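Chemist: Once you have looked at the hints, place chain B on chain A.
Chains as they are written, first to last, in my numbering: chain A, 1 to 383; chain B, 384 to 692.
Treat each hint with caution, since some may be false.
Stated by the list, open to error - Straight-line C-alpha distance at most 30 Å; calculated DSS-like pairs for lysine-lysine:
#1 B:564 - B:449
#2 B:514 - B:491
#3 B:533 - B:491
#4 A:225 - B:510
#5 A:5 - A:256
#6 A:224 - B:644
#7 A:289 - A:225
#8 A:5 - B:446
#9 A:225 - B:435
#10 B:607 - B:644
#11 A:5 - B:662
#12 A:224 - B:535
#13 B:514 - B:446
#14 B:438 - A:5
#15 B:535 - B:563
#16 B:449 - A:15
#17 B:446 - A:225
#18 A:224 - B:607
#19 A:224 - B:491
#20 B:489 - B:438
#21 A:224 - B:438
#22 B:449 - A:289
#23 A:15 - B:607
#24 A:225 - B:603
#25 A:225 - B:491
#26 B:607 - A:5
#27 A:5 - B:533
#28 A:289 - B:457
#29 B:662 - B:644
#30 B:564 - B:446
#31 B:563 - B:607
#32 B:438 - A:15
What the hints assert, rightly or not - Residues from chain B that face chain A, not an exhaustive set, calculated with beta carbons under 7 Å:
#33 393
#34 394
#35 457
In short, the hints are calculated from the structure, not lab data. All of these numbers come straight from a predicted model, not from anything done at the bench. Where a beta carbon is used, it is the ideal one built from N, C-alpha and C, also for glycine.
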Amino acid sequence: MHLFKYRLLQTIREKDLIFWSLLFPLILGTFFYMSFWKMSNSMGEQEDSWETIPVAVIEKDTTSQEAAYFSQFIDEINGNVIEIKDYSSEEAAITALQNDEITGVYYVDKEPSLSIAKSGINQSILNGMLDSYMKNAQIMMDIATDHPENIQKLMTEYSTMTDSGDYLSDVDLSGKTMNPMIAYFLALIAYCCISGAFMGVHASFTSQANLSALGARRSITPTKKIVLVLTDLAVLVLIHFVNIMILTLYVWKVLKIPLGIPIVPMLVTNLMGSIVGISLGIIIGATSKAGIGVKTGLTVLLTLLPAFLAGLMYGNMKNIIELHAPIINRINPAAVLSDTYYALGVFSDYGRYHRNILTLLAMSVLLLSIAFFSLRRERYDSI
Amino acid sequence: MIHIENLVKRYGDLVALDHLNLDVKEGEIFGLLGPNGSGKTTAINCILALLKYDKGTITVFGKPMKTTSYDIKKNIGIVMQEVAVFDQMTVRENIDYFCGLYVTDKEKRRELVDEAIDFVGLNDYEKKRPKKLSGGLLRRLNIACGIVHKPKLIILDEPTVAVDPQSRNRILEGIVELNKKGSTIIYTSHYMEEVEQICTRIAIIDHGQVLATGTTEELKNMIKPKEKITIQAIALDESNLAEIERIPHTIDVEYEDQVLKLRFESAEHNLIRLLNYLKDSNIAFGRVFSERPTLNDVFLEITGTELRD
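One chain only, chain A, in its complex shape (with noise of 0.2 Å):
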């Protein structure tokens, strides 16, 4: 308890930390407030002005059976998620499309398909509803070849769902916000658990002898190195989940962007974001020689450039990413954690919100396992 107030007082009196990883995000979210979501309407007016998706629809094919269960599929979303607008040929809709009067054009055919020529949550929207089709259909395929004597009492769940609207429900439009901005303030929230690297940097310092004096004194007590790491560990983890939690909570209620997300699975992120924040800036600190220059450097280019491609800066660059890399989206703690604070409060996608605190939990535990082993170290080459 000794070395755990001692430390905890020590970091949060130091007021550049407290400012980098406490106050600049606040004063971003504010800036995010002021900037984006005070133009915008209110969420009650954004909810309500809950735009269709202007699409083309080109039947390619008029005779196949599955063109005729894609085109009804098509119908049937018409006027609730997609407008279909009509157009004389297939070279009208694309130029429609490149001059962005529709943002996709749906093709009727035995294989539906969809084209489209930018990146971004609507065109997103209609590639998952094309990806969605496809999976039922194949569904229904398998079915139909392998226990076909059930196709028909399937035919008529399906038409049932359709006809209630209840195929929509795996993606939550309604009760939900889809403002793109609410992404901004994910992102911002992802951020501060990555810039947690900072005071992990920071606390390498503090403990590697080959990095500071006050290093080498703390080596060479009769305190064992592993009690002094945790300890660091514990203290750094208890404050910037705090820091992460009160800017949460001011962008929550404060600023009043509705995140909702609930708040057992919140703390849970929160958690492990701070853990991956913190391990990240212990490794960056506590593997090389370089000086504290140079490593702030690095966690700077190292937490912004997640931050950016989680999508802080530039609100679609996720989805971007998502179309053309995705796997930069699964190994990016930022985008990590803002896809699990989207699945809680947008979709409210438990599978996928426990798919990513999986993805988060192995990250922590391989962050945590080179960070603690990184400053376990007791002897070195040079000082």
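Modeler: Structure of chain B alone, referenced to chain A:
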């Protein structure tokens, strides 16, 4: 108390410690004297098991020193060359924090912290943060953090660098006091006057080797010149200089800008013989200085270079 045998430490091609041998006995103030870069701090870091070394053995309190030698570490206090305290904590908090790394009992710790604050004279600054302290006071805090747990062995690595004369004297007096209270001290410095003033035994180290070990007197007796005489404002010609060179026990004569410098081997009445010659030759002169050789002369004699201050 400390035994080092054939210690070799290389940084790539650079040999920082070259078969260093050293013995520190209980109760002494042992000075490690050498210029910057001579290997003093490297040797200390090896003793403390902070640095890996290529060859050799180190025993402290009769046991091999390892990173896990916690029983040895609890009896060692270290005062680094660089001030090693937390800027965000007050003087008292810093001393208490470092004491807590050695002593877990809260009451005992409080007593030790009070004693350490008294010892370094920081009572009026207990609640101040390090940034509010002058260089000298900061050095005293650095010392307090290193000695608060009353270790048997205290290693002070250049503790007076960039310290004002008043604080320097206080620090040196404090070191002698700690030694009187029973602590063995290892004191590294490139300030020969300090080492000469407080150390009971000295090792002269350069290029990672111990060149000579002994008390101040023993070291001075190792070299040929035993007396230096300097005479200012004196006008001499070639014949005078030749005659002066013939004065018994003279090692060498240097004359420049009307200043005469002579070095003599050990003998009595060197100054009287010189002054008699000047009187007999009717040579006027200004101020006269007679000095015993310093550790710098010892260093110069042994290494051929001056100990840089």
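Chemist: Give a verdict on every hint.
Modeler: To see whether the hints hold, each was checked on the structure:
Note on residue 564 (chain B) and residue 449 (chain B): the hinted pairing holds, with a Cα-Cα distance of about 27 Å set against a maximum of 30 Å. Between residue 514 (chain B) and residue 491 (chain B), the direct Cα distance comes to roughly 28 Å. Compliance with the 30 Å bound is thereby established for this hinted pair. Using a Cα cut-off of 30 Å, the hinted pair residue 533 (chain B) and residue 491 (chain B) holds, with the two alpha carbons roughly 12 Å apart. Restraint check for residue 225 (chain A) and residue 510 (chain B): satisfied, since their Cα atoms lie roughly 29 Å apart, inside the 30 Å limit.
Proximity of residue 5 (chain A) to residue 256 (chain A) is assessed by CA-CA distance (about 35 Å); at most 30 Å being required, the pair is judged violated. At most 30 Å may separate the alpha-carbon atoms for a hinted pair to count; residue 224 (chain A) and residue 644 (chain B) exceed this at roughly 58 Å. In summary, the hint linking residue 289 (chain A) to residue 225 (chain A) is supported, as the alpha carbons are separated by about 19 Å, within the 30 Å threshold. Taken as a hint, the residue 5 (chain A) and residue 446 (chain B) pair is broken in the structure, with Cα atoms around 34 Å apart against an allowance of 30 Å.
Between residue 225 (chain A) and residue 435 (chain B) the alpha-carbon distance is near 17 Å, which keeps this suggested pair within the 30 Å criterion. In summary, the hint linking residue 607 (chain B) to residue 644 (chain B) is supported, as the alpha carbons are separated by about 16 Å, within the 30 Å threshold. Annotation: proposed proximity of residue 5 (chain A) to residue 662 (chain B) is violated, straight-line Cα distance about 77 Å (limit 30 Å). At roughly 20 Å between alpha-carbon atoms, residue 224 (chain A) and residue 535 (chain B) fall within 30 Å of each other, so this suggested pair holds.
At most 30 Å may separate the alpha-carbon atoms for a hinted pair to count; residue 514 (chain B) and residue 446 (chain B) exceed this at roughly 40 Å. About 41 Å separates the Cα atoms of residue 438 (chain B) and residue 5 (chain A), which puts this hinted pair outside 30 Å; it is violated. For the proposed pair residue 535 (chain B) and residue 563 (chain B), the alpha carbon gap of about 12 Å is at most 30 Å, so the pair holds. At most 30 Å may separate the alpha-carbon atoms for a hinted pair to count; residue 449 (chain B) and residue 15 (chain A) exceed this at roughly 38 Å.
Proposed proximity of residue 446 (chain B) and residue 225 (chain A) is supported: the alpha carbons are some 21 Å apart, at most 30 Å. Simply put, residue 224 (chain A) and residue 607 (chain B) have alpha-carbon atoms about 51 Å apart, too far for the 30 Å limit, and the pair is violated. Restraint check for residue 224 (chain A) and residue 491 (chain B): satisfied, since their Cα atoms lie roughly 21 Å apart, inside the 30 Å limit. Taking the CA atoms of residue 489 (chain B) and residue 438 (chain B), the gap is about 41 Å. The hint is violated against a cut of 30 Å.
Taking the CA atoms of residue 224 (chain A) and residue 438 (chain B), the gap is near 26 Å; set against the 30 Å cutoff, the hint holds. Taken as a hint, the residue 449 (chain B) and residue 289 (chain A) pair is honoured in the structure, with Cα atoms around 23 Å apart against an allowance of 30 Å. Note on residue 15 (chain A) and residue 607 (chain B): the hinted pairing is violated, with a Cα-Cα distance of about 60 Å set against a maximum of 30 Å. Pair hint residue 225 (chain A) plus residue 603 (chain B) does not hold up; C-alpha atoms about 45 Å apart against a cutoff of 30 Å.
Among the hinted pairs, residue 225 (chain A) with residue 491 (chain B) is consistent with the structure: their alpha-carbon atoms are about 23 Å apart, no more than 30 Å. As the CA atoms of residue 607 (chain B) and residue 5 (chain A) are separated by approximately 60 Å, the hinted pair breaks the 30 Å bound. A C-alpha spacing of about 23 Å is found between residue 5 (chain A) and residue 533 (chain B), which places the hinted pair at or below 30 Å, so the restraint holds. Only pairs whose Cα atoms come within 30 Å are accepted, and residue 289 (chain A) paired with residue 457 (chain B) is accepted, the gap being roughly 28 Å.
Simply put, residue 662 (chain B) and residue 644 (chain B) have alpha-carbon atoms about 17 Å apart, close enough for the 30 Å limit, and the pair holds. Distance hint between residue 564 (chain B) and residue 446 (chain B) is fulfilled; the C-alpha atoms sit about 24 Å from each other, no more than 30 Å. In summary, the hint linking residue 563 (chain B) to residue 607 (chain B) is not supported, as the alpha carbons are separated by about 34 Å, beyond the 30 Å threshold. Between the alpha carbons of residue 438 (chain B) and residue 15 (chain A) the distance comes to roughly 45 Å, so the proposed pair goes past 30 Å and is violated.
Annotation: residue 393 (chain B) was flagged as interfacial toward chain A, and the flag is violated, the nearest CB pair being 10 Å apart, outside 7 Å. Interface restraint check: residue 394 (chain B) against chain A, minimum CB-CB distance 6 Å, threshold 7 Å, status holds. The beta carbon of residue 457 (chain B) comes within 4 Å of a beta carbon in chain A, closer than 7 Å, and the hint placing it at the interface holds.
Violated hints, in rising order: 5, 6, 8, 11, 13, 14, 16, 18, 20, 23, 24, 26, 31, 32 and 33; the structure is consistent with all others.
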